[in-house]
Amino acid sequence: ETGVTQSPTHLIKTRGQQVTLRCSSQSGHNTVSWYQQALGQGPQFIFQYYREEENGRGNFPPRFSGLQFPNYSSELNVNALELDDSALYLCASSHGISNTEAFFGQGTRLTVV
Amino acid sequence: KNQVEQSPQSLIILEGKNCTLQCNYTVSPFSNLRWYKQDTGRGPVSLTIMTFSENTKSNGRYTATLDADTKQSSLHITASQLSDSASYICVVSLENYGGSQGNLIFGKGTKLSVKP
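For the record, the sequence lines run as chains H and V. So for the first sequence, our numbering puts the first residue at 1; every next one is plus one. So for the second sequence, our numbering puts the first residue at 1001; every next one is plus one.
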């Protein structure tokens, strides 16, 4: 167990809908990064939150947005879902933004139909 | 562009056998290299993490090596077990934030299947 919890574990949504995924970071960690992992591929960086501020963003459209709360838990919101958004969404928590070890949650499997 | 390449893409071995997975990277500025094990549909779990000055690190039956000069790493699995069936992902961490790639550069992974 990494101490990083994601919810829900599985989700099915219809194209055009909106979804919110949640991540509780490990105790003492102030940084959360979100990744999208398509089947058979490595994780792709979506964005990172450090102390409640967005600290960087990957090549994802604005309909992917996020939030980090004072307790350092985080949300990933995706609007206007598309079929290609179907993937495993991972969050990783760490202390700091640079070369500290990152611990991953178990992921949320999103299926868009 | 920072990249991490892994080989082979997939591997099938018999239970009890050894295997070695490869990772080549072109990442700068390099901070550390990590190997993760990822079961299907689950989040990655850290196996080893090595800094520039470390050239080998073990975690039970897993031994990782790092050659910072040639920018190559390997993960050796000894006496494989059925539970070793998973994807193994090589990840290189940047010294500083990497812009649109983030500070962790992922390989695509090697899918290992251990057969009885």
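A hint or two may mislead.
Straight-line Cα separation of at most 30 Å, BS3-like style, residue types lysine-lysine; simulated pairs [as the list claims (entries may be wrong)]:
| # | chain 1 | residue 1 | chain 2 | residue 2 |
| --- | --- | --- | --- | --- |
| 1 | V | K1071 | V | K1057 |
| 2 | V | K1115 | V | K1001 |
| 3 | V | K1057 | H | K13 |
| 4 | V | K1057 | V | K1001 |
| 5 | H | K13 | V | K1071 |
| 6 | V | K1111 | V | K1057 |
In short, the hints are calculated from the structure, not lab data.
Going down the list of hints, with the structure as the test:
1. Taking the CA atoms of K1071 (chain V) and K1057 (chain V), the gap is about 16 Å. The hint holds against a cut of 30 Å.
2. Taking the CA atoms of K1115 (chain V) and K1001 (chain V), the gap is about 37 Å. The hint is violated against a cut of 30 Å.
3. Pair hint K1057 (chain V) plus K13 (chain H) does not hold up; C-alpha atoms about 43 Å apart against a cutoff of 30 Å.
4. In summary, the hint linking K1057 (chain V) to K1001 (chain V) is supported, as the alpha carbons are separated by about 28 Å, within the 30 Å threshold.
5. For the proposed pair K13 (chain H) and K1071 (chain V), the alpha carbon gap of about 42 Å is over 30 Å, so the pair is violated.
6. Among the hinted pairs, K1111 (chain V) with K1057 (chain V) is consistent with the structure: their alpha-carbon atoms are about 21 Å apart, no more than 30 Å.
In summary, the numbered hints that this structure violates are 2, 3 and 5.
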